[in-house]
Structure formats: structure tokens, C-alpha cells
Amino acid sequence: LSSNSGFSQSAEESNNSVFQDWRFKYGEKGFEFRSGDNNYLLQIQSRLQFRFATPSDNDPYTFNNFSDNSNNVFKVNRSRLKVGGHAYKPWLKYYWEYELGQSNLLDYRIMIERWEWLNIKVGQWKLEFSRERRISSGAQQTVDRSILNRSFTVDRQQGVELYGRLRTKGPLDFNYWLGVFTGSGRGARENDDKNLMYFGRIQWNMFGENLGFTSSDLGIHQKPAAIIALAGVTNRSPYTRFSSSGGGVLEGFEEQNPGQYRINQANLETALVYKGFSWQSELHWKNIQDRVNNQETKLNGFYFQAGYLAHQSLAWWPEPLEIAARYANFTPNTLQDYYLDEITLAFNWFFKGHRNKLTMEVSEFDLETADVGIKDEFRFRIQWDISI
Amino acid sequence: LSSNSGFSQSAEESNNSVFQDWRFKYGEKGFEFRSGDNNYLLQIQSRLQFRFATPSDNDPYTFNNFSDNSNNVFKVNRSRLKVGGHAYKPWLKYYWEYELGQSNLLDYRIMIERWEWLNIKVGQWKLEFSRERRISSGAQQTVDRSILNRSFTVDRQQGVELYGRLRTKGPLDFNYWLGVFTGSGRGARENDDKNLMYFGRIQWNMFGENLGFTSSDLGIHQKPAAIIALAGVTNRSPYTRFSSSGGGVLEGFEEQNPGQYRINQANLETALVYKGFSWQSELHWKNIQDRVNNQETKLNGFYFQAGYLAHQSLAWWPEPLEIAARYANFTPNTLQDYYLDEITLAFNWFFKGHRNKLTMEVSEFDLETADVGIKDEFRFRIQWDISI
Amino acid sequence: LSSNSGFSQSAEESNNSVFQDWRFKYGEKGFEFRSGDNNYLLQIQSRLQFRFATPSDNDPYTFNNFSDNSNNVFKVNRSRLKVGGHAYKPWLKYYWEYELGQSNLLDYRIMIERWEWLNIKVGQWKLEFSRERRISSGAQQTVDRSILNRSFTVDRQQGVELYGRLRTKGPLDFNYWLGVFTGSGRGARENDDKNLMYFGRIQWNMFGENLGFTSSDLGIHQKPAAIIALAGVTNRSPYTRFSSSGGGVLEGFEEQNPGQYRINQANLETALVYKGFSWQSELHWKNIQDRVNNQETKLNGFYFQAGYLAHQSLAWWPEPLEIAARYANFTPNTLQDYYLDEITLAFNWFFKGHRNKLTMEVSEFDLETADVGIKDEFRFRIQWDISI
Numbered sequence: 030l031s032s033n034s035g036f037s038q039s040a041e042e043s044n045n046s047v048f049q050d051w052r053f054k055y056g057e058k059g060f061e062f063r064s065g066d067n068n069y070l071l072q073i074q075s076r077l078q079f080r081f082a083t084p085s086d087n088d089p090y091t092f093n094n095f096s097d098n099s100n101n102v103f104k105v106n107r108s109r110l111k112v113g114g115h116a117y118k119p120w121l122k123y124y125w126e127y128e129l130g131q132s133n134l135l136d137y138r139i140m141i142e143r144w145e146w147l148n149i150k151v152g153q154w155k156l157e158f159s160r161e162r163r164i165s166s167g168a169q170q171t172v173d174r175s176i177l178n179r180s181f182t183v184d185r186q187q188g189v190e191l192y193g194r195l196r197t198k199g200p201l202d203f204n205y206w207l208g209v210f211t212g213s214g215r216g217a218r219e220n221d222d223k224n225l226m227y228f229g230r231i232q233w234n235m236f237g238e239n240l241g242f243t244s245s246d247l248g249i250h251q252k253p254a255a256i257i258a259l260a261g262v263t264n265r266s267p268y269t270r271f272s273s274s275g276g277g278v279l280e281g282f283e284e285q286n287p288g289q290y291r292i293n294q295a296n297l298e299t300a301l302v303y304k305g306f307s308w309q310s311e312l313h314w315k316n317i318q319d320r321v322n323n324q325e326t327k328l329n330g331f332y333f334q335a336g337y338l339a340h341q342s343l344a345w346w347p348e349p350l351e352i353a354a355r356y357a358n359f360t361p362n363t364l365q366d367y368y369l370d371e372i373t374l375a376f377n378w379f380f381k382g383h384r385n386k387l388t389m390e391v392s393e394f395d396l397e398t399a400d401v402g403i404k405d406e407f408r409f410r411i412q413w414d415i416s417i
Numbered sequence: 030l031s032s033n034s035g036f037s038q039s040a041e042e043s044n045n046s047v048f049q050d051w052r053f054k055y056g057e058k059g060f061e062f063r064s065g066d067n068n069y070l071l072q073i074q075s076r077l078q079f080r081f082a083t084p085s086d087n088d089p090y091t092f093n094n095f096s097d098n099s100n101n102v103f104k105v106n107r108s109r110l111k112v113g114g115h116a117y118k119p120w121l122k123y124y125w126e127y128e129l130g131q132s133n134l135l136d137y138r139i140m141i142e143r144w145e146w147l148n149i150k151v152g153q154w155k156l157e158f159s160r161e162r163r164i165s166s167g168a169q170q171t172v173d174r175s176i177l178n179r180s181f182t183v184d185r186q187q188g189v190e191l192y193g194r195l196r197t198k199g200p201l202d203f204n205y206w207l208g209v210f211t212g213s214g215r216g217a218r219e220n221d222d223k224n225l226m227y228f229g230r231i232q233w234n235m236f237g238e239n240l241g242f243t244s245s246d247l248g249i250h251q252k253p254a255a256i257i258a259l260a261g262v263t264n265r266s267p268y269t270r271f272s273s274s275g276g277g278v279l280e281g282f283e284e285q286n287p288g289q290y291r292i293n294q295a296n297l298e299t300a301l302v303y304k305g306f307s308w309q310s311e312l313h314w315k316n317i318q319d320r321v322n323n324q325e326t327k328l329n330g331f332y333f334q335a336g337y338l339a340h341q342s343l344a345w346w347p348e349p350l351e352i353a354a355r356y357a358n359f360t361p362n363t364l365q366d367y368y369l370d371e372i373t374l375a376f377n378w379f380f381k382g383h384r385n386k387l388t389m390e391v392s393e394f395d396l397e398t399a400d401v402g403i404k405d406e407f408r409f410r411i412q413w414d415i416s417i
Numbered sequence: 030l031s032s033n034s035g036f037s038q039s040a041e042e043s044n045n046s047v048f049q050d051w052r053f054k055y056g057e058k059g060f061e062f063r064s065g066d067n068n069y070l071l072q073i074q075s076r077l078q079f080r081f082a083t084p085s086d087n088d089p090y091t092f093n094n095f096s097d098n099s100n101n102v103f104k105v106n107r108s109r110l111k112v113g114g115h116a117y118k119p120w121l122k123y124y125w126e127y128e129l130g131q132s133n134l135l136d137y138r139i140m141i142e143r144w145e146w147l148n149i150k151v152g153q154w155k156l157e158f159s160r161e162r163r164i165s166s167g168a169q170q171t172v173d174r175s176i177l178n179r180s181f182t183v184d185r186q187q188g189v190e191l192y193g194r195l196r197t198k199g200p201l202d203f204n205y206w207l208g209v210f211t212g213s214g215r216g217a218r219e220n221d222d223k224n225l226m227y228f229g230r231i232q233w234n235m236f237g238e239n240l241g242f243t244s245s246d247l248g249i250h251q252k253p254a255a256i257i258a259l260a261g262v263t264n265r266s267p268y269t270r271f272s273s274s275g276g277g278v279l280e281g282f283e284e285q286n287p288g289q290y291r292i293n294q295a296n297l298e299t300a301l302v303y304k305g306f307s308w309q310s311e312l313h314w315k316n317i318q319d320r321v322n323n324q325e326t327k328l329n330g331f332y333f334q335a336g337y338l339a340h341q342s343l344a345w346w347p348e349p350l351e352i353a354a355r356y357a358n359f360t361p362n363t364l365q366d367y368y369l370d371e372i373t374l375a376f377n378w379f380f381k382g383h384r385n386k387l388t389m390e391v392s393e394f395d396l397e398t399a400d401v402g403i404k405d406e407f408r409f410r411i412q413w414d415i416s417i
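Residue numbers (the numbering used here), protein chains in the order written: chain A, 30 to 417; chain B, 30 to 417; chain C, 30 to 417.
No lab work stands behind these hints: they were computed from the structure.
On a predicted model such as this, the values are computed, not experimentally measured, just so you know.
Treat each hint with caution, since some may be false.
The list treats identical chains as one, so a pair stands whether inside a single copy or across any two.
30 Å max Cα-Cα, derived DSSO-like pairs, lysine-lysine [as the list claims (entries may be wrong)]:
| no. | residue 1 | residue 2 |
| --- | --- | --- |
| 1 | Lys111 | Lys122 |
| 2 | Lys150 | Lys118 |
| 3 | Lys223 | Lys304 |
| 4 | Lys198 | Lys122 |
| 5 | Lys111 | Lys381 |
| 6 | Lys304 | Lys150 |
| 7 | Lys223 | Lys404 |
| 8 | Lys58 | Lys304 |
| 9 | Lys118 | Lys58 |
| 10 | Lys304 | Lys404 |
| 11 | Lys150 | Lys111 |
With the hints as constraints, model all of the structure from the sequences given.
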């Protein structure tokens, strides 16, 4: 007597394999369709980020931005379709992500992940250069990334990468990433010159756990987990910064000739989670060499960020509530007396982890210059981020 | 003896819930994947609207449009991907709709629908301001909306809304909608000023049935169902009209300064269905206050529309065939002698309700001005709209 | 005792039909969801094409393109979402394809395929005018199409088409296509004038098999299969060429007035497969009549292409490896001494047929003119194309 006979495709075979007994689930990555032999997996997830901001949603970074205009804005800030899984074999993985509101293809990549110590990725994705950029906008601890992100992120690039984890039973436990990219940003169709972008990152998993790119200690680690990472990238292109829109310009770098800018960047990063407490920091250096005008500019900046699920200490504190804070400091040009800093205080209410979360945030921005003194601005934002 | 054991994910539990026995269907909203506990639902639907029009597809609204050019056009006029359902709980609903041909995100919204009398919606969607705009382009009784739509629709906005149904067993049966929106139209990323859009609608369900936003009495109501609704909206923005493209300009309002226009609008709406007959009407007022040039403009217009599945009366009339007609009248400026009207006659052949429908339509447009007298134009269109 | 009772939607019926026992598969067209009665089918496939090219990815076609610039580029060259299947009945088919990276809707079509000899297609798709254009970019024998494609393809159009296969048991075995289109290219919303595009193709299936639009004899035909086809198209529009971007201009035809160009084109095509060997050729004529400047231009060109899965002859040759070559010759203007040709040598490694394939290719381009003599350029490309 055969149960399930109606469902299994008994006599019906595809050219390549037999598929019996598909399995269905709603999991971390959305709706999930998996073949019985686990050679094929399709995951479909939609994500909506709804935001209210006042007086403005953007981070201020010049004097003009520190204006007195007060605009209230409600918006669908992010609207994503995410499709991933694997095909042919469990280790041949794919993922793509499309921003529906802006009609931008963000990620599109294939990963060959057969061995822990050596994997290959090809396509377009966010480089593993900096933690806060790499963490999904839906899994941030605050409403959005710090004031550093605009100037230091390498963002999404197209290329090839080797990566893996090297470890012994002892304290030797490292993750590495080594990649070559066109270096012209998201969606680029051509390179401006022969020069490619080279990227590397080495990460020490201090207590034998790879924390990954996540924030908030929702799993309540009973043993501490921590990483220290150093990342570097070099590129030559017409661009001085990158964003989801592709290559762009920093203030004061409006010229965009092929191969005009050689950019070298480094990032020293830490992260720690323990008993509901989470910490992360980044320390950035960026060197811009203008090969047309023969000039050099140095930028640097850092941030510290910490969060706490305080119900771990306080009996009266609601379990889904996290308090988080960040301090960021940015020097756009080390030769000028011009500094920006940001203090942010945020509260997260996790209905369902990062997949359904309400965040309320207050920030203060300070701009300090030799000429004009200090100017500051407050911002309030509230955001609902939900993945389905 | 356990049947289905291969299919159910017996020992396999997600972090959050156990999912046994998913159910699959092709329903009103397309392909449907539902978890056994009904906490998760994914619906995927594609819609194609294929249209032939001559001499032109657009409604004429100025003298230049009433030209003698005759262009034949076949086109994929609408091509939609619709994804919806619910997640986490049956009452936490989501929906998004993407126009593939134009690469526009149309709807993206979350609805918390726990109680009949109080629901919350956040995101971007077509406001419930006017019936013909709110009815899906795939569920119209004619090939497309009337000449009023271009000038009076509030279209899609981003914001938050409360809505619900209040009723007793007696004749007190109302639906209400109250919303606050950025008021800058579909896809806006910023507000131009502090001012938000406020919207309200109250609808009396005369015979205890909420007709919803549909046309054609495909269900052949044996008892009449009817509504009367009054809706109002106020907004201040650089725009004098809205469409699927976002904020836009009416003729004569080319200036677009932040907060230049305060617009107040009202709509009185009726609808009725009974034994295959359907009726709907809208009566619109719109007041545009130009705060820069200190001018005021008043627009108004109305339409009546009726359809009949005549097999209810005539034995020889084919069951899938509906005849429908509309008269619309539009005054772009109450201070000028300038009127537009539209008479449309349409035939719908419902292969599968509105989900697979052929529509043939003839329209006559008249433009009457003090200077030039009357000018008229005929248009013929045929359209196949199919949802899959 | 009823097995499967948990899965089948025993008592639950949709308005239109009963759906028992859905079936799931990963097949040629991706993830597949099929209703038990086979009235509904949804297929979802993602396709990624990742390419490295040096010194440039584009085919050169003017002297400026034959420059000495050497750019290396890695890129996600194509990123497609393909959705298809059937609905309501097995013969009511649908298909749409979206280019995610460029945010372009490529195909969106409905096919009524009830009888072999008479089918109807409406929507937007690549006309069956020329073989190499019609074959999916993922199923090419080389990295991409020949130098002819840019000037001769009719590309995607919006319209209506009748097509089918007429055959007897004897050698009379033909496929035909007859279509009417707006003739303004992909994504056009309006026609420029009254003139439509008319298209026809007749194809003789020489040995009683319709080869379809595919390349490479992956099925290893033991009996030869071959076709000879003649196709013609006439159009009047502002455009002198078409591409995935819609209507465009050939060099020297920068003016774009409504109805400026009457274009007549013909293509004589052959194809053959036998024991791992495959052959295809096209011979093109194109006549451009500029009705504004009263000028006529004639273009022509041809290519031959052959491939061989050499393990059919050589025991040491790896089974997944195909060698292929192409020669193409293009005359942009029959009145000028100006010729372009292309020689391409390619190797395909078929991991999983065309659905997962690595291609390595070297091309040489020659430009020969009366004035300047011969100029040539080499190009190397490597490409991974994977459908999931």
C-alpha cells in the first residue's frame, strides 16, 4: 500500500532527475519550495520598509543640508523582491534581489559552496568590505546606516570572489575574502579603462564562531562571540564614491574622467555579542589620488554602536524591546578643519526578529568648521520593516 | 499507518512554526500557495492587457488632440505582476503590484485586518477617493476610465489609513476610510514641504451589502445592492494632478514650486447592481488655489455609467455578453466657456469574468468652446484583458 | 483508507474548478507548479549571464570602434526573470520575460495553441524573422550573435500573429508565420503614423522534423533534420534598426521623423543537425527608403555557422565539449566600398545543456574600405550562462 502516490510523480521523470515529494515551508528567507532530493530550492521573499521622517530623511553633510526647512515625509523607502535558493546541486546557490520602487537590480549572484575553506562567487553583490553596509537594510539596529556610509562604502560591484573559512580546533579561526571586480559600481555595462578593483578581507573569529553580517543578539549568546576584521580595497575609476545608484561623486570631486581617481581604502572592524548585548565598530581610511589634477585627499572616520535586549537584566523590560546607540565621527578632508558627527539613540521592537520590526530613532548631527563654528540638527524617524 | 507522511514535514520545524500540508490552488488572485495552518499565503498573478486603438489611444482634451491624424496602434497596454497574501497571521495581509512594461512599482502595502470595524493600511496604493479609478484597470466595464479621470483622480499615494465597516442589523451600515499621506504621488521620495494630504470617505451600504470596488453584475444579484458615498481630500504640493507616473500638471499649471497649490476635492458617488444590471456615477468638484500667483480655479465634472447582462431579459442574448454605456461631462474651468463630453458604448465578452475578457468600444468626444464652436472625434478600441 | 487526503483539497472547490493533487517539478523551464487537471501551469526561471570581455565587449562597426583602447570588463550581462505556463486550458499559454538589470519588459505574450495548423499569438515578442536573433541569448553556440544582428534584426514587436505547421506524411511539411505589428519596437506606446509592420515566414522542414529555434545538436540526431526558410518584413516608421532598447538608428540615419523610412527586408535561412554536428546560415537583404530625403540605401550580409560535439568522432574528446565557428560578412551600403567581416571560434562546455554552460570565444573583425585599407581587431570573451 503506497501512501502519497497521488502526489509523487511516480512514472514522470524529468530529463535530468526524478523529483518526488517536494517540501514547502515558510522560513527565514520567505516562501520555500524544495525538491525531495534537495537538489532544487526556490525561496521567494518580499520586503517592505515604511518610513516617516522629520525634518528630512537624508543625513546632512554640508552646511546647506543643515537648513531650517522642515518636511514631513511618509514613504515606502525600500520595496524588495528577493529570490534565492540552489539548483542542480545543494552547493550551487543563487540569489537575486530587485528594488521594485527604484527598478534597480541590486544583487544577482551565483555561489559555488562545496567546501568550507574555498568558495567562489560570481555576479554582482555588496562587497564584504564594511559591516554596516553589508548588513541588510532590514537587519540594521538603527533606522539606517551611519554618516560614514555615504563616503566609505564600496557598495555593490560586479566580479568574481574566492572566500572561505580556515580553522583548527584551537584559536586559529579565520574567514577570508579575495575578489576582483570591474570597479564601476552597480549596473555598469563597461569599464572606463583596463584597471580593475581588487578587494581583500581577513576576519579572526575570536571565540570560534563566525558572527556573520548581522546585528542585535537576538539569539542571546550564552558564550561570547566576537570578530576582528581588516579589509582593504583599491580601485581606479571616474568615481569617488559608490551607492545603490552605482558610481557617484563626493563633494568637491565633480570631474569624472576615465581612470581619474585611484582610491585606496582600509577598514578595521570589530563586533561582539554576549547575553543580549551587541557591539560593533568600524574605523575607516580613504585615500583619493586625482591623477588628472595630481592631488591627494585623505578622509577618515569611525563609529561605535551598541545594543542591548535589556530584559536580560531588567525583569520589567519587555522582551521584544532593544535599546541601541551609535556615535559616528567623520573627517571629509584631513587637511581641513571640518568635522561631522552623529549621535543616534534607537529603540527596536522585534515582532518577529528582523523580519518584522518597528524602529524609533532620534539623531543629533553636528557640523564643526573653523569658519562658522558648530551647527547642529535633530532628526526623528520611525520605521516599520517587514519581510514576507 | 500514516498517509501523507512523505509530504508533511513531520520532524522538520522552522524556527517559528510547524508547517504541515501546504495547499495549492488557482483562484481569483492567481496561483496560490497556502500553509496548512493558514498563517502564510502567497498569491502570484500576471495580467496582460492587449489593446488596438484607432485613430489614437488617448482621450482628447485640447484642440490639438482633436486633430485629423490617424494612427493605428497595437500594444501591450498593461503588463502587471501581482503578488499578495498574508504572513505570520491570516490578518496581516500584504500586496504589491508592479507594472512590468513601464517598470513602475504601483502598489506596495500592508494591511492589518483584525476587526471588521477597524483596519490599518500602510504603504502605497490607489486612494479610495473615486470609484472608476479605484476599480482595477482589468475590471472596468469599458476599455478604460472616463475623461474625468485624468483631472480628478488622486491616484496612488504613500501613507497610513484607518478603515472599516460599521453596521447594525438595521439600515445603519457604513464603510469609512481616513488617511494621511505625503501627497506627492506614486514613487515620491521626499515631500516638498511640511504639508500632508488628508483624505476621508464615508459610504452608506444601502441594502446591507458592501459592493466593493467592482463593476458589472457578474454575480447576478437577486436582491439589489447599492451604495452612496461622499469623499473629500485636501493637499498642498507642486502638483495639480496625479497619475500612475506620479505628480503632474494640468494644462495651464506648468509652474511647480514647493507648496504652490492647495487643492480641495470632493466626490459624490453612487453604485447599484440588480439582476445583471449595474449602475455607477461620480460627481466631482475640484478647487485649485495657486498660492504663488494668488489665483483660484474651479473644475467640475460627472459621469453616469450602466451595464446590462441582457441574457437576463432576452433569451437569444449570449450569456457572456454585456452591453455598457457611459456619458461623461467635464468643465476644466468654471469661468470659461469650455466643455468636454464623452459618450461611450461598449460590449464585454466575459470568457472568465473580468479575468479573461474581450471589450469592444466606440466613443465620441465633443469639445465645445465659445470661440471655436464644437469639434468632435470618434475613437474605436478593442481590448483583451487576461489575468493568469 | 484514503492516502493523500491531507494534501488534496477534498471539499474545497474554487469557483471555477476543483484542484486536486498539484504536481511540482524542476524542468527545462525552471520551477514548475502544475494543477492536477493540467489546466494551470506556472513556470518560474531565473537566468544569469556573466561575461568577461577584452579589449571591449561590443562588436566594432566603424573606424572609431577599431581603436587601441583596451578595457577589461566583468559584468552581469543578462539577468532575466522568465514566467510562463498556461491557464484555464492547456492550450491557452502565456509567457513573459523581464530583464532585471536593465528593467526592460522583453516578452509578454499569450498563445492560443489548440491546433497544430493554426495558432494565434498576441503581445510582444521577438519576431521569427531571423534564426540567430530568435534563438535565446542563453542558447547561442557562441558568446553572442554575429555582426549582422545589429543591422538586420527586426527584434521584438507588438502585434498579432497566426502560425502553425502544415504537413502530410510525405515531404510536404511546412511551418508558417504571418503577423501584423505596430512596428515601433519594444515597449512602444504609440505608433508614429497609420502604417503597420507586416511579417511573414515560410519554413520547409526537409526531413519531417521542425528543428525549432535552437543551436547545437545536444540530442545527437541519428537521422538528419534540416530546414530552409524564407522570411520577409515591411515596415514604415522613424527607425532604421531595432534592438532590445526599441527603435533606433543605423549610422548615417540620424533623422527620425514619423514615417520617414519604408524598410523592406528578406532573409534566406538554413539549418541542419546530424550526429552532433550542427549548421546554420542566414542571408540578408535590407532596403531603406528615406521618404523625406528621397534616398534609397541597400544593405546585405550573410553568415555561416557550424558546431560539432566531437566526441562523436574522437574517443578522447570530452563529451560536454563543443567546438563551433562562424564567418559573417556585412556590407553596410552596396554603393560604397566598405565591408566588415567576423571570424569567430568558440568552445562550449555544457554542464547541463544550454541551461548551464561555459563558453570561450576568440573573434577577429576586419573592416575594409577603399580609402583606408584594412583594419582588424581581436577580441576574447568568456561567459557563463546559467538558468535556474
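We went through each hint and held it up to the structure:
no., hint, result
1, Lys111 x Lys122, "both (14 Å within a copy, 18 Å between copies)"
2, Lys150 x Lys118, "within (15 Å within a copy, 36 Å between copies)"
3, Lys223 x Lys304, "neither (49 Å within a copy, 43 Å between copies)"
4, Lys198 x Lys122, "within (28 Å within a copy, 47 Å between copies)"
5, Lys111 x Lys381, "both (18 Å within a copy, 25 Å between copies)"
6, Lys304 x Lys150, "neither (34 Å within a copy, 36 Å between copies)"
7, Lys223 x Lys404, "between (44 Å within a copy, 22 Å between copies)"
8, Lys58 x Lys304, "within (25 Å within a copy, 45 Å between copies)"
9, Lys118 x Lys58, "both (19 Å within a copy, 17 Å between copies)"
10, Lys304 x Lys404, "neither (38 Å within a copy, 70 Å between copies)"
11, Lys150 x Lys111, "both (18 Å within a copy, 23 Å between copies)"
Checked against the numbered hints above, the structure violates hints 3, 6 and 10; every other hint is satisfied.
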